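Positions 1 to 379 (the UniProt record's numbering) are the ones given, in order, by the sequence shown.
Worth flagging that the hints you see were computed from the coordinates, not collected in a lab. Treat the hints loosely; a few may be bogus.
Below are the PhoX-like pairs computed for lysine-lysine, each with C-alpha atoms no more than 25 Å apart in a straight line [said to hold, decoys possible]:
no.	residue 1	residue 2
1	Lys187	Lys92
2	Lys44	Lys108
3	Lys344	Lys361
4	Lys33	Lys92
5	Lys108	Lys148
6	Lys231	Lys272
7	Lys231	Lys215
8	Lys272	Lys260
9	Lys92	Lys38
10	Lys231	Lys260
11	Lys215	Lys187
12	Lys92	Lys108
13	Lys275	Lys231
14	Lys260	Lys215
15	Lys38	Lys148
16	Lys83	Lys44
17	Lys215	Lys33
18	Lys187	Lys272
19	Lys108	Lys38
20	Lys148	Lys187
21	Lys361	Lys349
22	Lys215	Lys272
23	Lys33	Lys44
24	Lys108	Lys83
25	Lys44	Lys92
Values in this document were obtained by computation on a predicted structure and should not be read as measured data.
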Amino acid sequence: MLQAAHEHPLLLDLYGCCTGRTQWASVLEMICKQFECKHFMVQKLSLEGSRFAGGVRLSSDASACTQYDLQISDSCNPRFERKRLGDRALGKIVMDEQLFDTHEQTEKQLFLDRLSGLGVRDFMGGLTELRDENSYLGIALHRSTINKHSYTPTHQAQLQALLPHLGQAFLMWEQLNTPSPLEAILKAQADHFPFGIAICDSRSRLHWMNSLAEKLLPPTNGARHLNPVLKGWTVQQTETLQRLVATVRPEGSASYVALKNGTGADVHIAVKYFKEFESGETFSLLILSSRTMVNDIPFEALQTLFGLTQAEARLASHLASGGTLEAYATRQEIALTTVRWHVKQILSKTESARQAELVQKILCSVAYLASKNSDLLPF
1 MLQAAHEHPL LLDLYGCCTG RTQWASVLEM ICKQFECKHF MVQKLSLEGS
51 RFAGGVRLSS DASACTQYDL QISDSCNPRF ERKRLGDRAL GKIVMDEQLF
101 DTHEQTEKQL FLDRLSGLGV RDFMGGLTEL RDENSYLGIA LHRSTINKHS
151 YTPTHQAQLQ ALLPHLGQAF LMWEQLNTPS PLEAILKAQA DHFPFGIAIC
201 DSRSRLHWMN SLAEKLLPPT NGARHLNPVL KGWTVQQTET LQRLVATVRP
251 EGSASYVALK NGTGADVHIA VKYFKEFESG ETFSLLILSS RTMVNDIPFE
301 ALQTLFGLTQ AEARLASHLA SGGTLEAYAT RQEIALTTVR WHVKQILSKT
351 ESARQAELVQ KILCSVAYLA SKNSDLLPF
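Given these sequences and hints, build the entire structure.
Written as structure tokens, this is what we have:
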């Protein structure tokens, strides 16, 4: 019989899945070995009429699930009927002999024949309630067709003891890995910010960054979600960055550093301290920018906020992005004198004494904060 988590390594690994310390596939594979099985799967289920509908699924073998979906699928699995899983397996560990009545043996055998085509036989599984209403976790063990041994009462008792732990671990994992609606909105909008944002811990492991930060920092080989270590383009830059992160303090102001990227352009980074309230863990917030960034300031915002015409708003956006009058005249195929006349109109409407003041007003307005980075200029 399985003991408390601190007494059983398997349970320690199982609950480690909640925080990503261990992977579900490896833990489910360990359970397969314990029960001498070929495949183990856990799946979130909800009741829809007379059948259960399948949701999030975790498996010891992803390829086996793919074959199952192609050849059988949840919608054609007779075990998913409420009269079987719902009425006979809730809170219990059962086998097919307990799920199918004597008059259903033909249906049962047809299903088992289809399973044998996937190389598995001998089901043992169960169902446990999760916290939400109409939310369950189903578990299913299958042995290989090569393995002719049957499950023993000891196997059934061991899996029965494991069932509530599987439900609890899955629920914790889901809660920790499913962002709240507000969090999802904020993360999605962060990719539209006109500056890069990255979060790393005191050991310089990157926990999250928006899309512009990915462009501005050295490549991490797609490891945006795998906590890569913060680094620069050279060993010296990496040491500088990691030292700033390690020494940032709550009572101090932000730290700043300018780094040359691989093409020689400057990347400016501000490092600010913050502490996660519940865990007490300390993190650093990195804010990144570069003079090679191109931000598209919405014309509609400039029209509304500063009372400009569409043509004036387009020119003001160009100037705030660092463009020159000559370049704008060439791009729009108009005379430079016409552009200068428009600038005078813009300065008058925005009550700006000179062009620098106009740019300052735009960059301090929500028009800029609502702008989206479109690209990085070649250097």
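Hints and how they fare:
{"no.": "1", "hint": "Lys187 with Lys92", "result": "violated (40 Å)"}
{"no.": "2", "hint": "Lys44 with Lys108", "result": "holds (23 Å)"}
{"no.": "3", "hint": "Lys344 with Lys361", "result": "holds (16 Å)"}
{"no.": "4", "hint": "Lys33 with Lys92", "result": "holds (21 Å)"}
{"no.": "5", "hint": "Lys108 with Lys148", "result": "holds (19 Å)"}
{"no.": "6", "hint": "Lys231 with Lys272", "result": "holds (17 Å)"}
{"no.": "7", "hint": "Lys231 with Lys215", "result": "holds (13 Å)"}
{"no.": "8", "hint": "Lys272 with Lys260", "result": "holds (21 Å)"}
{"no.": "9", "hint": "Lys92 with Lys38", "result": "holds (21 Å)"}
{"no.": "10", "hint": "Lys231 with Lys260", "result": "holds (13 Å)"}
{"no.": "11", "hint": "Lys215 with Lys187", "result": "holds (17 Å)"}
{"no.": "12", "hint": "Lys92 with Lys108", "result": "holds (20 Å)"}
{"no.": "13", "hint": "Lys275 with Lys231", "result": "holds (22 Å)"}
{"no.": "14", "hint": "Lys260 with Lys215", "result": "holds (14 Å)"}
{"no.": "15", "hint": "Lys38 with Lys148", "result": "holds (12 Å)"}
{"no.": "16", "hint": "Lys83 with Lys44", "result": "holds (18 Å)"}
{"no.": "17", "hint": "Lys215 with Lys33", "result": "violated (44 Å)"}
{"no.": "18", "hint": "Lys187 with Lys272", "result": "holds (19 Å)"}
{"no.": "19", "hint": "Lys108 with Lys38", "result": "holds (20 Å)"}
{"no.": "20", "hint": "Lys148 with Lys187", "result": "violated (51 Å)"}
{"no.": "21", "hint": "Lys361 with Lys349", "result": "holds (12 Å)"}
{"no.": "22", "hint": "Lys215 with Lys272", "result": "holds (20 Å)"}
{"no.": "23", "hint": "Lys33 with Lys44", "result": "holds (23 Å)"}
{"no.": "24", "hint": "Lys108 with Lys83", "result": "holds (14 Å)"}
{"no.": "25", "hint": "Lys44 with Lys92", "result": "holds (16 Å)"}
The structure fails hints 1, 17 and 20 (numbered hints given earlier, in ascending order).
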